[in-house]
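With chain A held as given, fit chain B onto it using these hints.
Protein chains: 2
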Amino acid sequence: MLKAKQVTIIGTGLLGASLALALRAKGYRGRIVGVGRRVQTLDQARALGCFDDLTVSTAEALEGGGNTGKGGSGKTEGGAGGDAHLVVVAAPLGHFREIFTKIAQGADETLVVTDVGSTKASVCALAEELLPDSIRFVGSHPMAGSEQQGPTAADGGLFEGKPCVVTPGSDTDERAVELVKALWGLVGMRLIEMAPAGHDRAVALVSHLPHAVAVMLVKAVTVDGGEVLDVASSGFADTTRIASGDPGIWVDIFQTNREAVIDSVGKMIDELDRFKKVMVRGDSGALKRLLEGAKEARDGWDGASKRR
Amino acid sequence: MLKAKQVTIIGTGLLGASLALALRAKGYRGRIVGVGRRVQTLDQARALGCFDDLTVSTAEALEGGGNTGKGGSGKTEGGAGGDAHLVVVAAPLGHFREIFTKIAQGADETLVVTDVGSTKASVCALAEELLPDSIRFVGSHPMAGSEQQGPTAADGGLFEGKPCVVTPGSDTDERAVELVKALWGLVGMRLIEMAPAGHDRAVALVSHLPHAVAVMLVKAVTVDGGEVLDVASSGFADTTRIASGDPGIWVDIFQTNREAVIDSVGKMIDELDRFKKVMVRGDSGALKRLLEGAKEARDGWDGASKRR
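Residue numbers (my numbering), protein chains in the order written: chain A, 1 to 308; chain B, 1 to 308.
Same shape as in the complex, but just chain A (with noise of 0.2 Å):
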């Protein structure tokens, strides 16, 4: 079970608010409370009838945890297990800087303080940077999203088996790492945990380099007009998908993990280098082997990812 007594979501578009919901019907009890930057974006969060309070003040937000009284104050208690207060930045990663310098600001000593985004060493040196040491932080990246946005989208089914990363320093309070361990768990993510850099590695692979490949391949079919469109069909369509997600928020996610994204690219061109130098010799058994080993790891991943 999650052990706090408030959890304030920071952000209540989709993520946001599909946390929420999720929190909901597993059945936690303690207030939920939501921090929007729109009033239009609020009212929609509100619809969805799972937030206690929503506020587009942060530290409105953290202050109704401490004064709430539901069981006690958590500062005697002093620990992130029996009734901490919760929170989660779950805003676009362009946002963090203002958001953990308002969160400093409202700062109650038992905060647990976690996050949503997609790279973890910018955001967990910026939590050190801004972040007072009775906040304690954890940087987390729940793996699921959908191209669509808002609290009109939100799904409370929407973390269900998928990974979530969690990523503790090496000096992060281990309670505050359960606490936030026990957020995930309970809205049924499958948990991992690695340190900042080797997640940015990880994520710049399986995660930035497919949105990269995904634009540029769109790019590389249209750059001498978009007519060839006219007969493109499933795989094209399945390939680039992922192109139509946010600009705005991909510019941050790979300014953010900037070096690993440069090299994860590099490797790409490597990669389809050695294609091309095979076609170029007309090496079908190359050819062959080539197809074959990606085919073997892409159905081992999609049968062990089924399995879970």
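These are computed hints drawn from the structure, not numbers from a lab. Glycine included, C-beta positions come from ideal geometry on N, C-alpha and C. One should not assume that every hint holds.
Stated by the list, open to error - Partial pick of chain B residues on the chain A-facing surface, computed with a CB cut under 7 Å:
hint: 1; residue: Arg24
hint: 2; residue: Tyr28
hint: 3; residue: Pro163
hint: 4; residue: Ser207
hint: 5; residue: Val218
hint: 6; residue: Val228
hint: 7; residue: Leu229
hint: 8; residue: Gly235
hint: 9; residue: Thr240
hint: 10; residue: Ile249
hint: 11; residue: Ile269
hint: 12; residue: Leu291
hint: 13; residue: Ala294
hint: 14; residue: Lys295
hint: 15; residue: Glu296
Showing chain B alone in chain A's frame:
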């Protein structure tokens, strides 16, 4: 309507068996004869109930068409319009030489032959080389498929709404072209006429390049080990789905469209290099323009394909 007394389908795998099902579903009343290589596949095709006859012998299938007497022999009528015998080669590209040779041996003078091969210039050249002048050949590429294979995966709705490229040569008999178009039109396909070489350049971009990219993306992601796949999620799943396709079939496709594939892979390498340079420069404006341009092209295509 399809004015043919018989449709002989050589190859009773997914495409061939789905075509037979679709023709029956759309009310085609002529004979449908299937030619397969293995008794097991023929038994599976027979269980579908849409073939009048199934045989391992191409000669027998072609004879059957000339001798049924349904709607006359066709020889006096002499056109592809009235009661032609239409042959559809629905086998892997690697078998085409053998199949065309057998068709030439068992030829009926009113035969119109088409195929479902994914490349067209080499297939049209092979038809020119192997088929006598009395047989009219019109290349087709119905762009429908599935990762599943064999007659047990057959689906009468497989072709519905999908593009089909028909590639007549400059001197192809117009009535033969119309007959082949009537075939694919009847099963719901959206017809596009192109020259064989133009088709090959287009599919090198929209179909063969995505396949090569999906395969080499799996390779690039796993080049230092497969553990990173533990954190792979839907983005990786979508972009690499087609890497599970049959390696043998794809070796044939790549080999028969070699130059256009090499050219399109070169374009992809150039585009990834452009992405990498933008990342190295840290030019977030240029990065955003790349992402926005790709999103616009992708969303535009998706919208257009849904309106059809």
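Just to be careful: measuring from the Cβ of tyrosine 28/B to every Cβ in chain A, is the smallest value less than 7 Å?
With a closest approach of 24 Å, the tyrosine 28/B hint is violated.
Minimum beta-carbon distance criterion (7 Å), leucine 291/B to chain A
Holds, because the Cβ-Cβ distance from leucine 291/B to chain A comes to roughly 4 Å (cut-off 7 Å).
Hold the hint about alanine 294/B up to the distance rule: shortest CB distance to chain A must be less than 7 Å.
holds, 4 Å
Quick check on the hint: isoleucine 249/B CB to chain A CB, less than 7 Å?
violated, 9 Å
Was the hint right that valine 218/B lines chain A, CB cutoff 7 Å?
Nearest chain A Cβ about 4 Å off; hint holds.
Have a go at the valine 228/B hint: is there a Cβ in chain A nearer than 7 Å to its own Cβ?
holds, 4 Å
Regarding the hint that isoleucine 269/B lies at the interface with chain A, is the smallest CB-CB distance below 7 Å?
Hint on isoleucine 269/B: holds, closest Cβ of chain A at ~5 Å, below 7 Å.
Min Cβ distance, leucine 229/B to chain A: is it shorter than 7 Å?
This hint holds: leucine 229/B lies near chain A, its Cβ roughly 5 Å from the closest one there, short of 7 Å.
Next item in the hint list is serine 207/B. Is there a CB on chain A closer than 7 Å to its CB?
holds, 5 Å
Interface hint status, glutamate 296/B versus chain A (Cβ within 7 Å):
violated, 9 Å
Quick one, is the threonine 240/B hint okay against chain A at 7 Å, beta carbons?
Holds. Min distance 5 Å.
Taking the least C-beta to C-beta distance, is glycine 235/B closer than 7 Å to chain A?
holds, 5 Å
Against the hints set out earlier in the document, violations occur for numbers 1, 2, 10, 15.
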